[in-house]
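> The residues making up each chain are set out below.
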Amino acid sequence: MSFIHYMRWQDVIDILLNSYILFRLYVLFRGTYVFRVLTGIAFLWIFQRISVYFGLILTSWVMQGITALLALIIIIVFRNEIRSVLQAKNLKAILFGFPQKSDPTTIQTIAESVKTLSRRRIGALIVLPAKENLDDVLKGGIPVQGLISKEMITSIFWSDNPVHDGAVIIEGDRIAKVGVILPLSFKSDLPSRYGTRHRAALGLAEMTDALVIVVSEETGNVMVAKNSNIINIHGSASLTEILKEHMGLHEVESGYRQQEKLKMGIAAVVSFFFITGMWFSFSKGLDTLITLEIPVEYTNRKPGFRIVEASVNTVRLHLAGSGALIKSIQPEQVQVKLDLGHAVMGRNIFSITQDNITLPPGIFIRKVVPSVIEVTLDETIKKELPVQVDWVGELPAGLILSAVNIDPENVEIVGGKRILQTLSTIYTEKVHLENLKESGTIFANLALTPASLNIASGSKDKVKIAYVIKHRAK
Amino acid sequence: MRLKYILIVILCLNLFFPQLLFAQNPRHPTSGVTKKKLTLDRAVMCEDIKDFAPHNPAVVFSIKIGKVCCYTSFDPVPEKTFIYHKWFHRDSPSTNKRLYLQPPRWATFSTIQLRETDKGPWRVEISDQNGKLLYILRFSITD
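The listed protein sequences derive, respectively, from chains F and P. What the first sequence shows, in this note's numbering, is residues 1 to 474, in sequence order. What the second sequence shows, in this note's numbering, is residues 1 to 143, in sequence order.
The following block holds chain P by itself, in its conformation from the complex:
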């Protein structure tokens, strides 16, 4: 129950102050009006996942951290499905992760290990099982 309240508060804050909390979260995430539709609730790049939540969400990551995570949570998830995290370094595809979702809501993440050559601008395209683009997260790997 506590988690439910926390999620509701976060959702309200996100609706009224979207940039305050998650600058590169979905600007217009699919609203949860229709519960039957897969809805991206939160998408954020972070340094790590701790306690099932993104740790130090950011848009710039030092290569010294060694890895970077793409966290996405969906609410609702009408049925068992999967999504894709397509990672691009500049405009070149880097990796494509397939992540499974379970109803009624689900949070999942993908991670890449950073190498020296990975410096530069990146983006992660989040798309559903049909390839429909749900959101794009943009970030940079720096010194």
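The following block holds chain F by itself, in its conformation from the complex:
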């Protein structure tokens, strides 16, 4: 699980975004040939990665070529399918929409037909059988077995139609019979406004489990009779619901929706894992090495302590990672820090470990050179030291340098305690004698060795040298 530590937030977005794109491609193109070809390409790509893993150079090369070629071909060959998907949907539908299964057309057709009949006040009697066989209770009727349509139903109940007084039996999406005589109800407590159609509808409903729709010729009211009950219907929506319930389509739809949800869920999970696999294949499979020279940063140095010597100032880091990440790496993203919080005065040896190195996510350390750093710490103190001139060269023949006066005679030096304890003199930079022919004055800088030494503020970094030259006595 160590890879989680190396994942960047960009990588998570990368995976999620591409997973969603793949999922949307599935949603938009499922059931088409495009999706099948896309699936084929995906398998080819997986095969190519496996070939790379096992070192099958030629196979992987061929697979790579075919995959690339197929990706191009799919756009050309299936351009019409792609266009139809893109043209048929708006941006919102492409990005977020889910295809809905169309409602059963039979119910819609019946509902719309009833609505038309009601509006035109055309009396109608429509029977929708359930599980029970109605042959014993129905009389007459003409078999039709015609595909149901709004026009057909309307025309059956048209007043000039010879069969308009009978009932229509609908089985599935077909009109099974027309002009069927239904048994009348013998109920004596029916309202007087109910006509023969209502009584017939109720009669069948009392005797069977069928549902009967009645459209009043006089008022245009729609009523539904079922199980000895007859109720008023207001609007197509409520009729549709009753029809769906009668036909058991609620359960079917619920099952269908659950199945769709399951399919979508599986597709989403597969998309996620496929893209995650691709991401790891790209980020880890294409390992690239790089060597960076990184300066060592010393942190948490105790106050008053100073580094007087370090075995190295930079370390060479051999880094590995995917080609894309390695190419994008910036030297400032890589840091090597040594914690001097527990360091003591004198020599300290540190091993450079993973904890000392800060790397961008997705980059791994392979080697550190050198892996051990020696750091010498010292306490900073001030010390006043006498100045001495470091003469070099040769005086002109016959002359001697008999006396020297240095101003200032002493300077205050700031540096490590260990170093300053060993020093008793601070020397000037080398002063050449060749050009000194007579007494005079020159200026010279102080040679601060080692370089960790500094001149204290207030002291001069340059001294004035007054010298006396005499002729050598014989």
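What the hints contain is simulated information worked out from the structure, not anything from laboratory work. Just so it is clear, the structure is predicted and the values come from calculations on it, not from any experiment. It is possible that part of the hints are untrue.
[What the hints assert, rightly or not] Quick list of in silico lysine-lysine cross-link-like pairs, PhoX-like style, CA-CA up to 25 Å:
1. F:K383 x P:K132
2. F:K470 x P:K119
3. P:K36 x F:K470
4. P:K132 x P:K97
5. P:K67 x F:K474
6. F:K474 x P:K97
7. F:K462 x P:K119
8. P:K132 x P:K64
9. P:K50 x F:K430
10. P:K64 x F:K470
11. P:K37 x P:K86
12. P:K50 x P:K86
13. F:K437 x P:K64
14. F:K464 x F:K430
15. F:K302 x F:K327
16. F:K474 x P:K50
Assemble chain P onto chain F, guided by the hints.
Chain P only, in chain F's frame:
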């Protein structure tokens, strides 16, 4: 007697014009107020000792000379004692010479033979028998 007068004249000159005569002589040599105290009278680096006196005192010496001397004279010397001439090449000790002094005054010197590797700044620390630092002479060995 003549030597005594010469020494008095030199002492007076040294008091009034210390840098004129001995640039790296003791700046504040212990004055001879108390005769009982060992007092460094003169300290100087020179090429040689001739007639019991430093010859060609200087602060820079060519390696071609082959040697360099550290001359010190004490006046007074209250009792028989000894002093040290500690030679340092840069800050590294080179040699430590023990030199005896006799009352009432005494001049003595130490010498080192020069080698090619001796080039560079030197110092000689003059200290008494107890190790008390009396004076530091600084000089250079050059080409």
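> Now tell me if each hint is right for this structure.
So, going through the hints one by one against the coordinates:
| no. | hint | result |
| --- | --- | --- |
| 1 | F:K383 x P:K132 | holds, 21 Å |
| 2 | F:K470 x P:K119 | holds, 22 Å |
| 3 | P:K36 x F:K470 | violated, 37 Å |
| 4 | P:K132 x P:K97 | holds, 15 Å |
| 5 | P:K67 x F:K474 | holds, 17 Å |
| 6 | F:K474 x P:K97 | violated, 28 Å |
| 7 | F:K462 x P:K119 | holds, 23 Å |
| 8 | P:K132 x P:K64 | violated, 34 Å |
| 9 | P:K50 x F:K430 | violated, 32 Å |
| 10 | P:K64 x F:K470 | holds, 18 Å |
| 11 | P:K37 x P:K86 | holds, 21 Å |
| 12 | P:K50 x P:K86 | holds, 22 Å |
| 13 | F:K437 x P:K64 | holds, 19 Å |
| 14 | F:K464 x F:K430 | holds, 14 Å |
| 15 | F:K302 x F:K327 | violated, 38 Å |
| 16 | F:K474 x P:K50 | holds, 11 Å |
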